[in-house]
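Protein chains in written order, with my numbering: chain A, -13 to 283; chain B, 224 to 529; chain C, 4 to 267.
Under the rule of at most 16 Å between Cα atoms (straight-line distance), these lysine to aspartate or glutamate pairs were calculated in the EDC-like manner:
id, chain 1, residue 1, chain 2, residue 2
1, A, Lys276, C, Asp119
2, C, Lys201, C, Glu152
3, A, Lys(-2), B, Glu336
4, C, Lys154, C, Glu141
5, C, Lys154, C, Asp137
6, B, Lys228, C, Glu86
7, C, Lys81, C, Asp91
8, C, Lys145, C, Asp156
9, C, Lys74, A, Glu151
10, B, Lys228, C, Asp91
11, C, Lys145, C, Glu203
12, B, Lys431, B, Glu336
13, C, Lys159, C, Asp119
14, C, Lys154, C, Asp138
15, C, Lys201, C, Glu151
16, B, Lys228, C, Glu183
17, C, Lys27, C, Asp91
18, C, Lys27, C, Asp40
19, C, Lys207, C, Glu146
20, C, Lys126, C, Asp137
21, C, Lys145, C, Glu155
22, C, Lys126, C, Asp138
23, C, Lys74, B, Asp241
24, C, Lys201, C, Glu189
25, C, Lys81, C, Asp40
26, A, Lys(-6), B, Glu336
27, B, Lys431, B, Asp416
28, C, Lys126, B, Glu240
29, C, Lys81, C, Glu26
30, C, Lys74, A, Asp79
31, C, Lys74, A, Asp147
32, B, Lys431, A, Asp(-7)
For the record, the hints were derived by calculation from the structure and aren't laboratory data. All values reported here derive from a predicted model rather than from experimental measurement.
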Amino acid sequence: MTPTRLDKVATKVIEVFVACVVLILLFLLSTILIQGVPHLSWHFLTSPSQSFAAGGGIVDQLFNSLYLLVLTLLISLPLAIGSAVYLNEYASDNWLTGLLRTAIEVLSSLPSVVVGLFGYLLFVIHFHFGFSILSGAIALTFFNLPLLTRSIEGALAAISDTQREAGLALGLSAWRTIRGVILPAALPGIVTGVILSAGRVFGEAAALIYTAGQSAPVVNYTNWNPLSSDSFLNPMRPAETLAVHIWKVNTEGVTPDAVSISAGASAVLIIVILLFNFLARLIGRHLYRKMTGNSNK
Amino acid sequence: MTSIKQELRHASKATREDVFGKVITYCCVAVIAVLVISILYFIASRGIATFTVNHVSLWSFISQTSWNPGLLDAHGQPQIGALAMMVTSFTVTILAAIIATPFALAVALYMTEIAPNRGARILQPVIELLVGIPSVVYGFIGLTVVVPYIRHLFGGTGMGILAGTLVLFVMILPTVTTLSVDALNALPGYLRDASLALGATRWQTIHKVLLRAATPRLLTAVIFGMARAFGEALAVQMVIGNAVLMPHGLVTPTATLTSQLTTQIGNTVMGTLPNNALWSLALVLLVMSLIFNLLIRFIGKRGQLS
Amino acid sequence: MATYDLTAHHIIEPGGPIALSTEKLQVFYGRQQAIFDATLNFPANQITALIGASGSGKSTYLRSLNRMNDKVARVTGKIMYQETNINDRTINVYAVRRHLGMVFQRPNPFAKSIYDNLTFALKATGIKSRTILDDRVEQSLKEAALWEEVKEDLHKSALALSGGQQQRLCIARALATQPEILLLDEPASALDPISTAKIEVTLKRLVERYTIIIVTHNMQQAARLSSYTAFLHLGHLIEFDKTPTIFQNPEMTATQDYITGNFG
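Given the sequences, and given the hints that come with them, work out the whole structure.
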């Protein structure tokens, strides 16, 4: 075969592989949506789940997923920003920094089930938190921290050093420069990273099975006292999330309409995550434009 | 004039701000460091209890295939052989990586070499969407689409290594692709230009120059994917069959380390042998994740030297 | 390029008051020495130009003066300002940098409004009064000859300004903290000729109130602007004299060769 002909063939082969990947994604999305969307109804979204009977909904799971997400971000965002600032702004290039970076890398490569089991061991059992939203949020924080830290560090690193010089040359402390100049300038990147990580947290189940638990007790959505045991805000109650629910109804096989529930729940998961991705782009772009002054009238 | 001199000689608000900033951010990384150390410590101390407290031999743990921590065998020894699970875990991981690599490379080449503008614009969101799909959803699709199809083709339950591999292949595809794209983008432009200027075709350039130059980083991309596949729990657990048996083919039910862990840890009592045995599986996962990490660093370093 | 005796130098004592001086200043990047024994007195309310080929260390020298090299290099020797050696660990660097303002090669306004660019450092030092802030903004913009162009758009993003306007904003920003000395590191090298001319006019006016030290690779600019010029070569301070002398009748061969374009 001549080189030119080989070149043409190779290009075609690559194109076929690429087409396959695109088709796989289209197949996945359409399967999830076609299977799931017909099951979506107001009833499905607003009724509690049923263990042994058909016709259950997902209202508690949906709320739990969102509540866990908010708590997780509340804990992990400040930690991640602090760590990223340290690594990108303060850390000098020595063995300690290397060690810290390695620690973060190790944490990010740990299987989420291992992270979940650690949370189970330490918080559920050792600290007697029990299966609870708090245990779950902490486990999710562990799972979320390394990636969030890295994406924020990336956003900070993308800010030109001339900005830092400008701040220093004005006699500002590095801290003031970081807070007042670098972090705001990195905001579009940070927001995008946070929303994308929110998508991952929202869909995560393995880290939650043994921390937030697999049951969704009936809660009272009008009780706003987080200390009261039946309040929906009580962080010490067990809370099955949407992703865990999909796993559970499929694994335990005692719910008669497991397939349609999981199909509906999967569709909800995917739609929410698509929404997050879309928002991440939109907000990131909007903030960027606002800061560079392109959208100013 | 004296006021300037005094200003120069005394700490100010800015001095205190910088101390404050350093302390605060240092505490944040310290939290992560403590966290990682405690994960390693707790899992390891639980995981070795099987061998130190229950006196199971490490050799039988890695060489035996019967897993029945609650029962004793004819010699009065508990049956704790994790070989079957390890074999399955490694098999699905390696097979998934073998299938995913050509797809990932093709997509990466398409995005960087063949159609950098149009390709990247279409494929970037595709990759991001694949990353975004949660693992339970992959498991659910595997269970409702892949497993019945395999059952239809090969009979049996349809669950097993093949189903696990197919699910994992799609799950690690975006990881391997993204890192391969980075690897190819990191190549200096003159490699490409020089090769093309010598009259090489695009494929010759890709095949003989670019892929070769990027080999170390492409390798780390695949290992990253394997690490992800090895540690994936729920999606695999949903389609693997969950029977702790040595796999006899690609379509017989079996179990991985992660699937056994997720299904069983809730059914055992803390501190008992069956529970310790499961923590040993978790320890294997942890050690493997560290090994993958080391491999990536090692290859990364070699790549920088050459 | 010919080799010169780098230890030989001709450095005059400028007339009039001294704003800043260095004594045996040495700068090291790791093991590499970038500045050797630079001893020099900078005259107050004059423009002093630092010239030299790339790699001569002129920017390094300038950036050591307000301690911008603290994190990247080791600086030994004395920098005397206000009868105080400011190259000392116990010195408050933040105060040093407020009194020795700096403008960089590339305009680097913050991604904030023009107003916020100018007031950010002031607010950090605790100035809260709106009238003081407004006054400083107007005054520093006028000094930097930018007021007329932006007075209507003070709350517009600074990134929407042109390159030359951005650089004048950076000068205004440095002036807003009311420094005594202004250090400029090739401030016009990234700008077009018209913007450059505007900057030069601005600097000429500023010298009545400030001591200006400017690094430039542009010899015409040095000749047009400065009253004193220092020539650096391979990290050594070779010659320092009145600008006309340097350009018409330099003492040292190295200076002569650089001025006439034999190298650099």
